[in-house]
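J.: Listed below are the residues making up each chain.
Protein chains: 2
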Amino acid sequence: MLPCKTLMNTRTNVNGLNMEKETTEKAKKRKIDEDDNEDKAREESVTFAGFKVKAVINENARQKYLFLHCKKNDEDAVVLLEKTPFDSSMTDQILSDNTKIRETLQNDIYHTYTAFLPANLNGVKATVICPASEKHIKKYTEQESFVIQETAELYTKVTLPYLEKHSFSTQWVYNILEKKKEADRIVFENSDPDTGFILLPDMKWDGKDLNSLYLQAIVHKHGLKSVRDLNKSHLPLLNNILEEGADVIDQEYGIPKSKLRIYIHYQPSYYHLHVHFNHINLESPGFDADRAHLLVDVIENIEMNDSYYQDKTLVYRVREQDELYKLYQDEGYFVDFPINTSLSSNSSFTAAS
Amino acid sequence: MLPCKTLMNTRTNVNGLNMEKETTEKAKKRKIDEDDNEDKAREESVTFAGFKVKAVINENARQKYLFLHCKKNDEDAVVLLEKTPFDSSMTDQILSDNTKIRETLQNDIYHTYTAFLPANLNGVKATVICPASEKHIKKYTEQESFVIQETAELYTKVTLPYLEKHSFSTQWVYNILEKKKEADRIVFENSDPDTGFILLPDMKWDGKDLNSLYLQAIVHKHGLKSVRDLNKSHLPLLNNILEEGADVIDQEYGIPKSKLRIYIHYQPSYYHLHVHFNHINLESPGFDADRAHLLVDVIENIEMNDSYYQDKTLVYRVREQDELYKLYQDEGYFVDFPINTSLSSNSSFTAAS
Chain F
1 MLPCKTLMNT RTNVNGLNME KETTEKAKKR KIDEDDNEDK AREESVTFAG
51 FKVKAVINEN ARQKYLFLHC KKNDEDAVVL LEKTPFDSSM TDQILSDNTK
101 IRETLQNDIY HTYTAFLPAN LNGVKATVIC PASEKHIKKY TEQESFVIQE
151 TAELYTKVTL PYLEKHSFST QWVYNILEKK KEADRIVFEN SDPDTGFILL
201 PDMKWDGKDL NSLYLQAIVH KHGLKSVRDL NKSHLPLLNN ILEEGADVID
251 QEYGIPKSKL RIYIHYQPSY YHLHVHFNHI NLESPGFDAD RAHLLVDVIE
301 NIEMNDSYYQ DKTLVYRVRE QDELYKLYQD EGYFVDFPIN TSLSSNSSFT
351 AAS
Chain H
1 MLPCKTLMNT RTNVNGLNME KETTEKAKKR KIDEDDNEDK AREESVTFAG
51 FKVKAVINEN ARQKYLFLHC KKNDEDAVVL LEKTPFDSSM TDQILSDNTK
101 IRETLQNDIY HTYTAFLPAN LNGVKATVIC PASEKHIKKY TEQESFVIQE
151 TAELYTKVTL PYLEKHSFST QWVYNILEKK KEADRIVFEN SDPDTGFILL
201 PDMKWDGKDL NSLYLQAIVH KHGLKSVRDL NKSHLPLLNN ILEEGADVID
251 QEYGIPKSKL RIYIHYQPSY YHLHVHFNHI NLESPGFDAD RAHLLVDVIE
301 NIEMNDSYYQ DKTLVYRVRE QDELYKLYQD EGYFVDFPIN TSLSSNSSFT
351 AAS
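Protein sequences appear in the order of chains F and H. Counting from 1, one number per residue, gives the positions in the first sequence under the UniProt record's numbering. Counting from 1, one number per residue, gives the positions in the second sequence under the UniProt record's numbering.
Next comes chain F alone, as it looks inside the complex (with noise of 0.2 angstroms):
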């Protein structure tokens, strides 16, 4: 979700509960900007005075956040507003006696209170764009998603040749694998051209906490665009990344196999072969079953029969702008399926036959 990915950023290295410390320096420091800032916002008291609400555009209950499509004057605006996570440096504060409660249920040793907490310890984060394009609204608003079941006879018919015709450009990646780029950000390397890759730090890594930590296993044989060209041929290229990739991560980030998630997706964001290297408790959409291969299975599958990817129906997930679920459309991929969200109350099926 792109959308999300934004306002995740800056929280993805708070996944665990090692980080007390780093956390404790963070919060000092938020305390000084926010005092800096304090004087400049008495000055200019500043509200969202002006911005009338035309839609709810997605909304969130579990990681609570809300985007709206607001009009300032006669420009759009999209807002987006995120409630922020709990401090835990600042527990002493949270449970002050400036924190009221109110009891709304109470049974055994069981309460449940609505707290409301010092206004400094529970901001919500609100991001502004304005004026903002249709192509803001669109990107902020909730996309429908489908799953395609693609067959080795759709891949063909369909799959590949977009693949094919749009040839997306890889050229970022040649530059890491030649080291033109980020290559101070190399973690390893197996260099050789049939079966060795480049592992390097995640761009959603922060590179420091251990418990989000995320790298990519890279590739360097061009040409393989994703699990659907794998055979036999690359057992070593797999097995090296497995391996190598494990025992570099265990040395290096003392982070060990049975903390590692390995795996490819499949659509993959880019199609030159790269392989994800998560620890355990991040927490990633990403791992979806639609969508993340472990790459041990994709390993025993292609040792079981050299055709597994290519004969296989492959499971995943596309959202209403992506341009292989018009492609799926167009071939009336979707035809028997027809879309209603709303309860079919005059359904003349029986139940429970």
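These are calculated hints, taken from the structure and not from any lab test. Since we're looking at a predicted model, the values are computed, not measured. Just so you know, nobody snuck in bad clues.
Identical copies carry no separate label here, and so any pair may be met within one copy or between two of them.
Once the Cα atoms are required to be at most 30 angstroms apart in a straight line, the calculated DSSO-like pairs of lysine-lysine come out as:
| hint | residue 1 | residue 2 |
| --- | --- | --- |
| 1 | Lys225 | Lys257 |
| 2 | Lys138 | Lys257 |
| 3 | Lys52 | Lys125 |
| 4 | Lys100 | Lys125 |
| 5 | Lys221 | Lys312 |
| 6 | Lys232 | Lys312 |
| 7 | Lys312 | Lys257 |
| 8 | Lys71 | Lys139 |
| 9 | Lys135 | Lys100 |
| 10 | Lys221 | Lys165 |
| 11 | Lys54 | Lys125 |
| 12 | Lys326 | Lys257 |
| 13 | Lys221 | Lys232 |
| 14 | Lys312 | Lys225 |
| 15 | Lys139 | Lys257 |
| 16 | Lys232 | Lys257 |
| 17 | Lys135 | Lys204 |
| 18 | Lys257 | Lys157 |
| 19 | Lys139 | Lys100 |
Starting from the known structure of chain F, fit chain H onto it as the hints suggest.
T.: Same frame as chain F, but now just chain H:
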């Protein structure tokens, strides 16, 4: 995650955008309840006075919760704090003049602020368990997770004896299948003893919000503990579940197959074969690639290879308090994987060789 589940039950129905009417009604009801409670609250003017924080036992920046182990006088207490979702029926109030904002960044059309919402729009849900037992504290304390790669051999040697020794009671499942319990909840039944199943809503679903649709198909046949037991003889059963299950959900709820995730857990939460049906919009940790096996994949893998699920290494995640974790530890499975989550600064390993 058990602790989260408890907190989440109240909000699994707010995953999508098709709920505006219901949300508004709910909000009104809540408003009335809150007004009723206000006098009482004013009388009591309760705070967390007397609570001393001993430890942060769990926190999550993405879901915005913080679990604390506290002492109140001489008693242990668990305090669970969670930010509440935005109420999308109150957008006008959220952007009203009562919300003050402080600019933190400005770049071209992009502005970020910290917003301070009126207290009544920014409550925090607090649950207090007091006095709390050791068991309560354990339940809400973050557990370490580990990846197990269960080979066919390890299944026979460690996992199967554990299942056979404990022979977990599935009497409650038989009660459903024999219609002694929950008969009124059955959505569909194919009553064939070998290839039939019962489809009913999962307890986690409110039965209304289609974006969080969650049903389970429970097979009539006894003795199928998990995917490990499946082979070609079960294809008619699996195909019935896939086809009839999806058809019924389309007819009954108007949700087409292209909006469904249909999968089997390994390890499952109970050892009588069952299949999960989710709306694609439901965010569920149970859909991780190291737990969810798509039913279409299971069917196709068995079609390719009768003994696929007896031969295959299956990867899953265990937590430190799981019996299986302990058994694999006793087996020496984790011996090669020393656990160390701090940066190994004095590592002798030379990166980027």
